[in-house]
Amino acid sequence: MTTATLAAYSVVAVYSAMTVYVLAFVAFALDLSKRSAIAQSALASAKAPASLSLATTASSRAEKAGSTAVIDKPAPPAQPTASPTAGRASRFQRTAYALVIVGWTVHLTALILRGLAAGRVPWADLYEFVMTGTAIMIGVFIFIQLWRDVKFLGAYITAIVVLLLGLASVNFYVPVGPLNPALQSAWLVIHVFVATLGTGFFAVGGGLSIAQLLQTRREMGGLARVPFLATFPASEVLENIAYRVIVVGFAFWTFTLMAGAIWAERAWGRYWGWDTKEVWTFIIWVTFAGYIHARATRGWRGSRSAWLAIIGFAAVMFNFTVVNLFFKGLHAYTGL
Amino acid sequence: MASRPRSSATPRDDGTSAAADPLRPSDHIDGTPDDAGAGVTQPRLKLVGYLRFFWRQLTSMRTALILLLLLALGAVPGSLVPQRSSDPNGVVAYQANNPDTFKILDSLGLFSAFTSPWFSAIYLLLFISLVGCIIPRLKHHLDALRAQPPKTPARLERLVGFTSVTTTTDAATAVAEARSLLRRQGYRVASYDGSVSAERGYLRETGNLIFHIALVGMLLTVGVFGSYGYTGQRILVQGEAFTNVISDYDSFEPGRFSTESSLQPFQLRLDSFQPTYQFQNGGWAPEDFAAHLSTRVPGGSWTEQTLKVNSPVEIGGTQVYLLGNGFAPVVTVKDPNGTVVYAGPVAFLSQDGNLTSSGVIKVPDGLAKQVAFQGFFCPTPVTTPTGCVSISPYLSKDAKALPVLQLSVFTGDLGLDKGVAVNAYALNEDKLTKIAGFRTDVPGLDLHVGDSAELPNGLGSIEFTGIDRFVSVDIHHDPTPAYALLFAMLILGGLLLSLFVPRRRVWIKAIPGRGKQPTRIEYAGLARGEDPTLARAVAELAQRHQQHLDGVRDSPPGEPPVGRT
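The listed protein sequences correspond, in order, to chains A and B.
Per the working numbering, the very first residue in the first sequence carries number 1; after that it's consecutive.
Per the working numbering, the very first residue in the second sequence carries number 337; after that it's consecutive.
So that you can see chain B by itself, here it is in the shape it has in the complex (with noise of 0.2 Å):
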C-alpha cells in the first residue's frame, strides 16, 4: 500500500476534522462552514467570481435538496391529469369534456408533464448539481483510498467513546497487539509514535458515489439511449401473418433516433387464441389468455411459440406483448349479382369483461355507393333495446343465445379517398346517411353464424361465415432494459453500501509510565458520517485489546489491568 502522505492538506486536518474525509459541500452537516464567502472577500465581483459562486450555490446541499423536493412536488401534476404518453384516450376525453381547462392546462405541457421543459428543467439542474458534486467527490475519495489513516490527534479526550486504562504490558507490545487486532478487524492500519491510527468503512463513500453515478448513467440510459428503440401496436387477427415495417403497424412510434433500418425483419402468425376465465363472485374473471404465435426470421422456418400476459414472446432482438384480444367476425358482402367485394375477419373491440364487442366493417369499393356497417357482436348475447349485451366471454353453444353480430348500415362518403390516415375502428357519421338500425325505418341486422341479409335499396347482401379470434400486441424494440438493469443494481448496491456500512476512524495510544508505574492505554473514535454504534465498537475494541494484552503475559500473576479512569 502506498505510504504516500496525505497531500491535500484540509484545514484542521489532525484526523478529527469532520470535513477532511469523505469530501462534503460546505454545507453538509459533516462540512466546514466557510463564511467567509465568496461574497465578503470579494466584494466586486468578476464574471468569473459570479460563476464560482453560482456554481457553488448549485452544487450545495440545500440546492440539491430543493431540487429533489421541487422534483417530487413537479411529478405530482402528472399523476393528477392524464398523460399522452401512458394514456392517450383519456386526454382525448379530458378535452372534449372540459375543452377550456385543457387549452390552460396543455399549454402548462401538463398532459406530457414529464417531458414538459419545467419538469426537464428541475432534473437537468438536479443531475447538474449531482454531477458537480461527485466529481471532487470522487477526485478525493481516489486520494483517500491510497492514503493512510491520519496521524492520532494529540487529545483524545474530546473523542467518542474515549476510555483510558493502565496496563502492566510495556507500550510496545500494547501498540504492536493494537496493530494486529485492528488489522484483523478490517481496519486499514498505521502506526505513529506510540501509537496507532486506523480507519475503516471506506465502501460508503465508494457505495454513495457507486448510487450517485449510477443514477446519471440511469438517467443517460433512459434519455438518450432509449431514443434508439421504437414501439408499435397491431391487431393481429387468427391466421394473419404480420412483417415487421412499418407500412404493417396500425399505429407506430418511433423514438427520437429510431430509423426504418432499426426494424428487425420478422414475421409473426396468429395460429390460435386460448382464454380460460373463472366464474366467480356473479361474475367472469380471466384466468389466462394464452396466444400461440408462430414466428420466423428471413431464411428460417416458422416456430411455434406461446405469448401470455407476463411472457412477451423475444424475436430478433424486439419483445412482442399480449395487450388485448377479441373476437373477429368473418363476413362476406356480394354486390347483387353475387360478386364478392367484401371477406374477411374484422376485429370488434371488446367494451368489457365478458366481451361485448363493437366494431365496423367499411366497404368502400364494389357496390353502388360506399357502405359500412357499424355494430356490435356479443358472444353469449342478452338482448336489450339498444343492443345486444353480454353475460359471458365465451361464445355461447346455447340454441336459444348463440353468439350475435348487430349491424347497422350506412352510405355515403367513408373519407377513404383522401389518402389521409382514418381510424379503421370508427366510423365518421358526417357524410354518411343511416339506411338501416336504430332509429331508422328499416330494421337492423341480426346475423347468427351462417346467416345472410339482403342490404336495403338492392345494394348487396352480407353474410356472416363464422369467428375468429384476434389479438392486439405491443411490439417494442428497447436497447436499454440490460443496462438499466445494471445502473439499478449499482443504485441499489450503492445505496446499500453507502447506508449501512459504517466508516469510522479508531486510535490506540500507548503511553509508557515513568519508571515502575503502568503504562496507560488510551482508545478512541471518530465517526465519518452516521454511525450510531461507535461508542459500543470502541468499547469493544478496548475490551478485546485488553484480553490480548492479558494473554501475552499470562503467565506471571501480576496485578490485573487496574480500572478505568
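Chain A extracted, bound-state conformation (with noise of 0.2 Å):
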C-alpha cells in the first residue's frame, strides 16, 4: 500500500474511532442517570437522611475486619470500597465498556496506520501528537480498571477524547510529512511518548479531583441534584485513588522533563532555556510538586490539594493546546 492510502485508512479509522466513543460517551451518559435512579431509590426506600455514601463507608470500614483508624488521620481505605454499584454494574456501564475497548482497538490501529504511513513514530506533529495523547489517555483509563473500578469517570473520560480528537482532526490535521532534522532523534521516541503517558495519568487524575470536589460538596449536604455521586466512592476514596493516579504521572514528568533536556542539549546546544514550552512543562511540574506537598500539608489535604490536580491538569491541556498553537518557542512542531 502507499503512503497516501495509509494515512487516508488511518483517517477513516480515526474518525470511526471517535464515533465508537461518542457512543460510549452516550451509553456512560446514560449509565450515570442510571445511577441517579438507583441512588434515588435507595434514598426513598431508606426513610432515614443516612445516604448510600454513608452506608459506603460504614461497609468499607467494617470490610477491613476490625481496624481502627489510627488517631492522627484516618486509616488510609485499604480496598476497594465496596460501592453499592460494584459487583452489579449496569448494562449501561458495561456496554460503554466495551464500546471504549472497541473504539480504543480501531484508535490503536489508527495510529498504526498512520505510523506505517510515515515509516516513524506517529508523533511529530501536533494531529499525530493529540492522536496519540487521546489514545494514551483511554489506555490509562482502561489500564487503571486492573487496579481500581473507575469507569464511573468513562463519561468525562471520552467527552475529552472526543473533544480532543474532533479539533485535531478538523483544524489540526496536516498530511504525512517527513520528520524535521530536529527531531530525528531516538528522544523522539522516548521523550514525546512518556510526556503523553503522563497526561493519560494527569487526565484521569483531574477526573478524580474533580468528582471528588464534588462528592465532598454533596457529602457536606449540597448537590442534592446530581444524585448519581451518591453511587460514587466518598471523596476521600476518590482522593486516594487520584493521589495515586497523579503521582505516577507526576514521575512520568519529571522524566519527561529530564529527557527533554538531555534532547535540548543535543540538539539546541544547551539543556535549559526558557523555552515557552520549557516554562510551561516547568509551570507543570512545579504545580504537581505543590499538589504532592499540599496533600501532605495540614489544612491543605482534601479540596484545596484536589483544586490544585485539576488546575495542574488545566496547565497540562494549555501546554498540549494553546502553548503549541499560538506561542513562538523552538518546540514548533505543530505542522501547521
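Quick caveat, the hints were computed from the structure, so don't treat them as lab data.
This one's a predicted model, so the numbers in the text were calculated from it and none came from an experiment.
Here a beta-carbon is modelled for each residue, glycine too, at the ideal position from N, C-alpha and C.
Possibly wrong hints are sitting among the right ones.
Restraint-style ranges between C-beta atoms, simulated for each label pair [to be verified]:
| # | chain 1 | residue 1 | chain 2 | residue 2 | range |
| --- | --- | --- | --- | --- | --- |
| 1 | B | Ser443 | A | Gly166 | 41 to 49 Å |
| 2 | A | Phe318 | B | Glu765 | 19 to 27 Å |
| 3 | A | Trp147 | B | Glu493 | 25 to 33 Å |
| 4 | A | Gly166 | B | Leu659 | 53 to 61 Å |
| 5 | A | Ser16 | B | Val412 | 37 to 45 Å |
| 6 | A | Leu325 | B | Trp638 | 40 to 48 Å |
| 7 | A | Met220 | B | Ala429 | 51 to 59 Å |
Here are the computed lysine-lysine pairs in the DSBU-like style, where the Cα-Cα straight-line distance is at most 30 Å [what the hints assert, rightly or not]:
| # | chain 1 | residue 1 | chain 2 | residue 2 |
| --- | --- | --- | --- | --- |
| 8 | B | Lys670 | A | Lys328 |
| 9 | B | Lys767 | B | Lys670 |
| 10 | B | Lys439 | A | Lys328 |
| 11 | A | Lys277 | B | Lys767 |
Take each chain as given, in its own frame, and dock them per the hints.
Here it is, written out as C-alpha cells:
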C-alpha cells in the first residue's frame, strides 16, 4: 500500500474511533442517569436521611476486619470500597466499557497506520500528537480499571477524548510529512511518548479530583440535584485514588522534563533555555509538586489539593493546545 | 547493627506517634501540631524569639507550598512576553511595536523574567526553606537508620490491620517464627518481651532526602557552576576557518566567571554542506542537514567531522552546534581601473523555507565613495515587482530560472569609521543615498553567476562569480551538563523511591494462654507516610505467619488455628 492509502485508512479509522467513543459517551451518560435512579430509590426506601455514601463508608470500614483508624488521621482505605453498584454494573456501563475497548482498538489501528504511512513514530506533528495522546488517555483509563474500578469516569474521559480528537481532525490535520531534522532523534520516541503517558495519568487524576470536589460538596449536604454522586466512592477514597494516579503521572512528567533537557542539549546546545514549552512543562511540574506537598500539609489536604490537581491538568491541556499553537518557541513542530 | 537505644525522645514515642519518624515540619499531615507556639509561651518576643519564629515559618510546609505555587505563577509571564535569553529579536520587535508597554514591562524585568529579582527571590526563599527543612530531617534520618524499631505498643487494637488469632503453638516459637519471617521480608527486626517489632522502607525517606538535596545540587550547578561557561555564534562560509578566540566570533556571550583563557584553542573549517529536502504536500520540507567540517587542535592535523542538527561536534570540551545554513554569493568589486577592491563570499540570511535570502555587501574602501549593496538571492527564482522569491531550496539548473542575485546600490557613510560595532547583516540607511534599485531612476542589478555589471556614476563594477554555502554554528562551553545529568538522575531516582517505597511498621505479639488455653497472636501495622496497601500487607503477613506455625507443629493433628476474633 502506498503512503497516501495508509494515511487515508488512518483517517477513516480515527473517525470510526470517534464515532465509537461518542456511543460510549452516550452509554456512560445513560449509566450515570441509571445511577441517579438507583440512588434516588435507595434514598426513598431508606427513610433516614443517611445517604448511600454513609453506607459505603460503613461497609468499607467493616470490611477492614477490625482495623481501627489511627488517632492522628483516618486510616488509608486499603481495600476497594464496596460501592453500591460494584459487582453489578449497569448494562449501560458494561456496554459503554465494551465500546471504549472497541474504540480504543480502532484508535490504535489508526495510530499504527499513520506510523506505517510516515515510516516513523506517529507523534511528530500536533495532529499525530493529539491522536497518540488521546489513545494513551484511554489506555491509562483502561489500565487503571485493572487496579481500581473507576468506570464512573467514563463519560468524562470519552468526552475529553472526542473533543480533542475532533479538534485535531478538523483543525490540526496535516498530511504525512518527513521528520524535521531537529526531531530526528531516539529522544523523540522516548521524550514525547513519556510526556503523553504523563498526560494520560494527569487526565484521569484530574477527573478523579473533580469527582472528589463534587462528592465533598454532596457530603456536606449540597448537590442534591446530582444524585448519581451517591453511587461514587466517598470523597476520601476518590482523593486517595487520585493521589496514586497523579504521583505516577508526576514521575513520568519528571522523566519527560529530564529527557527533554538531554535532548535539548543535543539539538540546541543547552539543556535548559526557558523556551515557552520548557516554561510550561516547568510550571506543570511545579504545580503537581505543589499538589503533592499540599496533600501532606495540614489544612490543605482535601478540596484545596484537589483544586491544585485540576489546575495542573488544566495547565497540561493549555500546554497541549494553546502553547503549541499560539506561543512562539523552539518546540514549533505542529506542522501547521 | 548498633543496638543503641533511641536517643531522641519525641513526645508519645511509643512507636505509634506519627511524628516520631520520619521527621516532618509541624504542619505536615503526619507532624505533631504545636499549638503552644512561640507566640503563646513567649508573649514578648526577643530578637532570638523573632528569628526562631520566622525560621519556623519559613521552613513550614505551608510556606514551602505557597512558595512553590508562587514559583509556578511567577514563571507564567516569562512565557507570555519574549525573553532576552531565548528570543532577543522578539524583544526588539516588541519594543518597536509597543514602546509604551515595553517601558512598563521592562521596568518589571519581564523580558528577563527568569533572572529578575522577584523570580530569584521566590526560588531563593524556596531553597532556603528547603535547606532549613532537610538539614534536621537528614540528621534525624541518619539516627533512625542506626536505631532499632521502637518498642511494641501495649495495645495493638487501635492500629491498622489489627488481627488476632489463637494457636496451640507456644508463644516463644511463635515469636521466633515471626522474627525470621519478618527478616526474610526485608524488615529490620527487634525482639521485645513476647513480641517482635519490625520496620521497613527506610529507603522512602532516604529517597525523599536524596530528591530534595539533588534539587539544591541542581540549583548550585546551574546557578554557580554554569557561570564558568560561554556561548558564541559564528557564520562560517565554505572554506573559511574559524579560530576559537573572542575576536573571531560574530557574537559572544561570556558567563559571569569565564575569561579569555576559558576558550579552548581549536580551529574549525567548513568543507562542504549538504542539505536534503523532500517535496511533500506542495512544499519543500527539510530532511537532513549535514555540514562537513575539519577541526584542528594546536599541534594536531585537520580531522574531518560531520555536524548535524541532532549531533553536535565536540572539540576540546567545547560543543559546536549546527543552527542554520544558507547561500553565500561570491562577488568581486572593482574600481574603474579594474583593481579589485572587494572579493569574497557574502552570507545571505534565508528568509523562508525555500531560501529566499537577503543580505548586504559593504565596500568601505577603494572606490570614490563608500558603497553598499543590499538585496536578495534566490536559488530558484520567481520574479515579483519587489524582488525575487524562491520556490525551491535547491540551486536551479533550469536555464529559464537560474539563481539570481538582485541588488540595490547605495553610496554615502556606512558608519564603519567610528570604531563602533555595526551589524554586518543590516544596512543603516540614514546617511546613505540609494543610487540604483526600486524607487530610483536607475534599475537595480540583476546578476546570474558569471554576470558583471557597471555601477552607476562610473563608480566601478561588480561581478557575481559563484555561489558558496554557509552554516551558522553555535559554539558552547558549558562545564555543567555532566553534573546536571548526575543530579537529574538522583532527583528522578530519589523521587521514585520516595513515592513508591512504602514505609511501615508492623508488630507481631504472642500472648501465652493461661494453663491449657491457646496462645493468642496479634498482628498490626502502622503507616509512615502514604501507604495504601498496609492493611493488605498485614493480613498477608498474618496468614503467612500462621502457615509457618502450622508447618512447625505439623505432626500432631491437633486442633487447627482457631478463627479470628
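Hint-by-hint comparison with the structure:
For the pair B/Ser443 and A/Gly166, the beta carbons lie near 44 Å from each other, so the given range of 41 to 49 Å is met. Between A/Phe318 and B/Glu765, the C-beta spacing of about 43 Å breaks the proposed range 19 to 27 Å. Taken as a hint, the range 25 to 33 Å holds for the pair A/Trp147 and B/Glu493, whose Cβ atoms sit roughly 30 Å apart. The supplied range of 53 to 61 Å is broken by A/Gly166 and B/Leu659, whose beta-carbon atoms lie about 38 Å from each other.
Checked against the hint of 37 to 45 Å, the C-beta distance between A/Ser16 and B/Val412 comes to roughly 39 Å, which is consistent with it. Hint check: A/Leu325 to B/Trp638, Cβ distance near 46 Å, so the stated range 40 to 48 Å holds. Between A/Met220 and B/Ala429 the CB atoms are about 52 Å apart, so this pair conforms to the stated range of 51 to 59 Å. Of the pairs offered as hints, the one joining B/Lys670 and A/Lys328 is violated, with about 44 Å between alpha carbons and a cut-off of 30 Å exceeded.
The suggested pairing of B/Lys767 with B/Lys670 holds, with an alpha-carbon distance near 23 Å, which does not exceed 30 Å. With a C-alpha separation of about 22 Å, the suggested pair B/Lys439 and A/Lys328 falls inside the 30 Å cut-off, and the hint holds. A distance of roughly 42 Å separates the Cα atoms of A/Lys277 and B/Lys767; the hinted pair therefore is violated under the 30 Å criterion.
In the structure shown, a violation is registered for the earlier hints numbered 2, 4, 8, 11, in ascending order.
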